[in-house]
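J.: Protein chains in written order, with the numbering used here: chain P, 1 to 235; chain X, 1 to 235; chain U, 1 to 235; chain D, 1 to 235.
Mixed in with the good hints, there may be bad ones.
One copy or two, it doesn't matter: identical chains are merged, so the pair holds either way.
Dumping the calculated SDA-like pairs for lysine to any residue here, alpha-carbon to alpha-carbon at most 25 Å [claimed, not checked]:
no., residue 1, residue 2
1, K163, V89
2, K163, S22
3, K163, T51
For the record, the hints were derived by calculation from the structure and aren't laboratory data.
There are 4 protein chains.
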Amino acid sequence: MTRPLGSHSGHDLITQHTEDPSLARIGAFSDGVFAFAITLLILAIHIPQPTDADASRGLLTLLTQQWRSYLAFALSFMLVGINWANHRVMFSAFARANHTLIWLNLMYLMLGVAFMPVPTAVLGAWLGSPDNQVVAAVFYGGAATVGGLVYNLLWWYGAYAAKLTSPALSARERRAYTIAWGPAPLVVAALTAVAFASPRVAVVGYVAAVFAYVLPVPRLVALQRRRREHSKRES
Amino acid sequence: MTRPLGSHSGHDLITQHTEDPSLARIGAFSDGVFAFAITLLILAIHIPQPTDADASRGLLTLLTQQWRSYLAFALSFMLVGINWANHRVMFSAFARANHTLIWLNLMYLMLGVAFMPVPTAVLGAWLGSPDNQVVAAVFYGGAATVGGLVYNLLWWYGAYAAKLTSPALSARERRAYTIAWGPAPLVVAALTAVAFASPRVAVVGYVAAVFAYVLPVPRLVALQRRRREHSKRES
Amino acid sequence: MTRPLGSHSGHDLITQHTEDPSLARIGAFSDGVFAFAITLLILAIHIPQPTDADASRGLLTLLTQQWRSYLAFALSFMLVGINWANHRVMFSAFARANHTLIWLNLMYLMLGVAFMPVPTAVLGAWLGSPDNQVVAAVFYGGAATVGGLVYNLLWWYGAYAAKLTSPALSARERRAYTIAWGPAPLVVAALTAVAFASPRVAVVGYVAAVFAYVLPVPRLVALQRRRREHSKRES
Amino acid sequence: MTRPLGSHSGHDLITQHTEDPSLARIGAFSDGVFAFAITLLILAIHIPQPTDADASRGLLTLLTQQWRSYLAFALSFMLVGINWANHRVMFSAFARANHTLIWLNLMYLMLGVAFMPVPTAVLGAWLGSPDNQVVAAVFYGGAATVGGLVYNLLWWYGAYAAKLTSPALSARERRAYTIAWGPAPLVVAALTAVAFASPRVAVVGYVAAVFAYVLPVPRLVALQRRRREHSKRES
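Modelling step: build the complete structure from the supplied sequences, incorporating the hints.
T.: This is the structure in C-alpha cells:
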C-alpha cells in the first residue's frame, strides 16, 4: 500500500523535528533563559558581611555606597525585560522555525541575555571609579549594542532571508517591526560613543533609552495599521 | 478579495501580540522568575569552609551561629511563596493584558521578587550585629513594603484603571481581592516603623504577619461570596 | 435572568482560584524549583583559581582533593531527582488542590528541595575533616530526613485528611504509595543515627539507599495491581 | 458492573504514572535544567572588583586578560545548546518513557548538563597557566566526552533496548540518528587525547567540533530520507 504524498508520514515527522523543532519549545526554552538571566542580575549586588574589612563603616554606609549597583540592576532588569517582551512579539510573528533560526536564537540568548549579568555587575562596581568608569560604561554599552544587533539579525533572517513569518502578517506590519526594532542598537552604539567622553552622560542616556523604548513599538505598528485600514476603506 | 471586518486578520494578530502578548506567557515568565528567585534565596546561607579563618571553632558552631540566616531564608521563602500564590490568583482574575500591565508586572518582579535575596541575606547576616540590626530590619521591611505596594498598584491598574478583569468576576469579588491585598503593605510598613525602635520585635512581627496572611484571602472572598449568594436567594 | 445553580458562574471561578489554583500550575512551579535547585547543587563544587593560596599545589591536586564534593553533588542530584520523580507521581494521583496543600507543598519545596544545596556543600567540604565529619554527615542526613517527613506529610494530608486523590485511584493503590514512600525518612533517620558513630558508613548508606530506592515504588504498586486484577478475575 | 479490560481504568492510570510519567513532563523538566545550566555558565566569568588586589592594573586589563573565560563561556554555551537541540530531537522520536529512561535521563542531565559550569570555569581560569593547562583542557574534554557517551547511552537504551520510539519513525531514520550522534564522543575523546600533547590545539579542536557539529545531523537524516523516497518511487 502506497501512502499519498503529503500525508502525515515519516517525512513530515523528520521535517518537523530537525527543521522546525516546534516554535513553542524554542520559545519556552528562551523564556526560561530570560527568566533565569533576569533573576541572576541580582548577583551584581554585593551582600556586605559583618566579617568584611570595611564592616566597621556600618551597614547603612555599605548599603548606600553601592547605589550604582542598584541602578545597574534596575537598568539591566528593564533592558532584559524589553528584550523578553520584543522576543515574544517576534516569535509570535513566526509561523515556523528552521535550523539556522535555532542557532541564531541561541547566539542571541548567549550574547544578548545570558551575558548581561557581567556588564551589569561591572558597571555597578566600577562606575564610581574615576579611572575606570569609561571602560565600565563602554563595556556595558558595547554588550547592549551587540545584543541589539543580534536581535535584529535574528529578525532579518527570520522575516526576510528565510521567510518564516506567518502569512497573516502583512508586508507593512513586518516592515513596522523592522522599523521599530532597527534603531535600538544604533541609539545604544551612539550612547556608547558618548561614554568615551562622559560615562555619566552615557549611563543617563541608557536609562532614558530604556524608558523611552518601552513605548514606540506598539505606536509605530498601530500607525501602520491605521494607514492600512485607511487605505482599505478607500479601496 | 476583501476580508470581512472582524475576521481573524492581521489586525487581530497585531492587537493580540503587542497589546495582549497572551496572559499565559506573562504568567509562565513570572512563574519562572518566582521559582528561580525563591530557590536563589538559599544564597543567603553562607557555606562554611574548612579554610575559613574561624574554621577552628568547629562546623557545629559555624552552622548554628548563623541561625538568623536560616530564619531569614524561611521567612523570605514563605513571603515569596505568598506573593506567588496571590500573583496566580490575580492573573487568573484577568481576562487580558495590555502594554502597561506587562511593564508594571516587570517592575513588580524586579522590586518584589528578584530583589528579595538581597534584603534576606542582609537580614540574616546583620541581625546579630547590635550596631546594625536596625538598618538590616528596616531594609528588609522596606523592601517588603515596596513589593507589596507595587503588587497592589498592579492590581489597582489591572482591575480598576484598565478594566482587564474577566467579566465572570463580579464587582463584589473584585472588591474582596482589593480588601484582602490592600492591608499587607500597611502592616509591613508599620512593622518597619517598629524596627527603628526594636528590630527583634519587628522581625517577630514579619514572621507573624507571614503566617497570619496565609489565611485571610480565601476567608474574605468566601465571606463576600456567601453574602452574594444570600442576596441572590432573597431576590 | 437567573443562572441555574451549578453553571460555570463566579462561584466556580472563585472556588477554582483560591481553593484549587490548578494542580497544573502548582506542578509547573514545583518543577521549576526542582530544576533550579538540582542545577544549583553544582555550587557545592568549589572552582579552584590560579590566585588561590594553594594554587601552587597544581590544578590536578586541587580538582582531585575535592572528590567528596563530587560525591555529594552526585548523591544530592539523585536524591532530588528521586524527590522530583515521586512528587510527579504524587501530584498525578491528586484530582484537585486546596489551600493547605499549596502551603504544605511550599514547605516541602523549602525544606526538601531548595535547602538541599546547603547540606550538600557542607558534606562535600567537611567530610574530610576528622573533627567535623560527624556534624557534616548528621546535618546532611537530618536535612534529608526532614525532607522525607514533609513529603510524607504532604501525601498523608492530600490522600487521607483532605481526600484530594482522583476517584480513579483505588484504596489499594493509594495504600501502595503510602507503603512505598513511608519507610524512606525512617531509613534515612536510621542512617543519620549511624553517622554519630561512623560518618563514612552513613554516607555509604545514603548512597546505597538512593540507588536502592529507585526501584521499589513501581514494584510495590505493580504488586498491588496484580493482586487487584487477580481478585477481579475471581469475582 | 464490570469494566471492560483495556478501558481507561486505574490500571492505565498507574501504568501512565509510574512507567511513563508523561514524556512531556520529563522534557519540560529537562528543558528547565538546560535553560538554567546554560545561564549559570556565566559564573565562569569572574567579576573584577575595585577592592581586588590587582585592581590597580585597571578595569580594561582585568576584563581583557580573562579572554579565555569568555571563550570557555561561548564554547560551553554552544555545546549545551547542541545538547539541548539534540535532546529535543531525541525526545520527539520517543513515543513513551519508562522507569529506566527517567533515570538515564537524570544521569545525563547530571553529567552532561548540570556539571558543565565546573569544567567551563576551570578551563577559562587555568588555560593560561603553563603548568596546568593540560589538566584544564583534559578535564574539559573528559567531561564533554562523558556527557556525549551518556547521551548516546540514553538513545541506544530508548531506541533499541527498550524500543520506546514512535512507530512513525522508520528503522532507517532511527539509524540515521544513531549514526549522526554516535561519533560525537569519539571526536571529543580524540581531542581530549590531543590535549595531553597540546592543550591549545585541543581547545581549537573543541571549538571547531562544536561549530562543525551544528550541521551534520539534518544533512545525514535528509540523506536517508532522500534514499528512502528514492527507493519508494522505484518500488
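J.: Does each hint fit the structure? Answer for all of them.
T.: The hints, checked one at a time:
no. : hint          : verdict
1   : K163 with V89 : both (16 Å within a copy, 23 Å between copies)
2   : K163 with S22 : both (16 Å within a copy, 24 Å between copies)
3   : K163 with T51 : neither (58 Å within a copy, 51 Å between copies)
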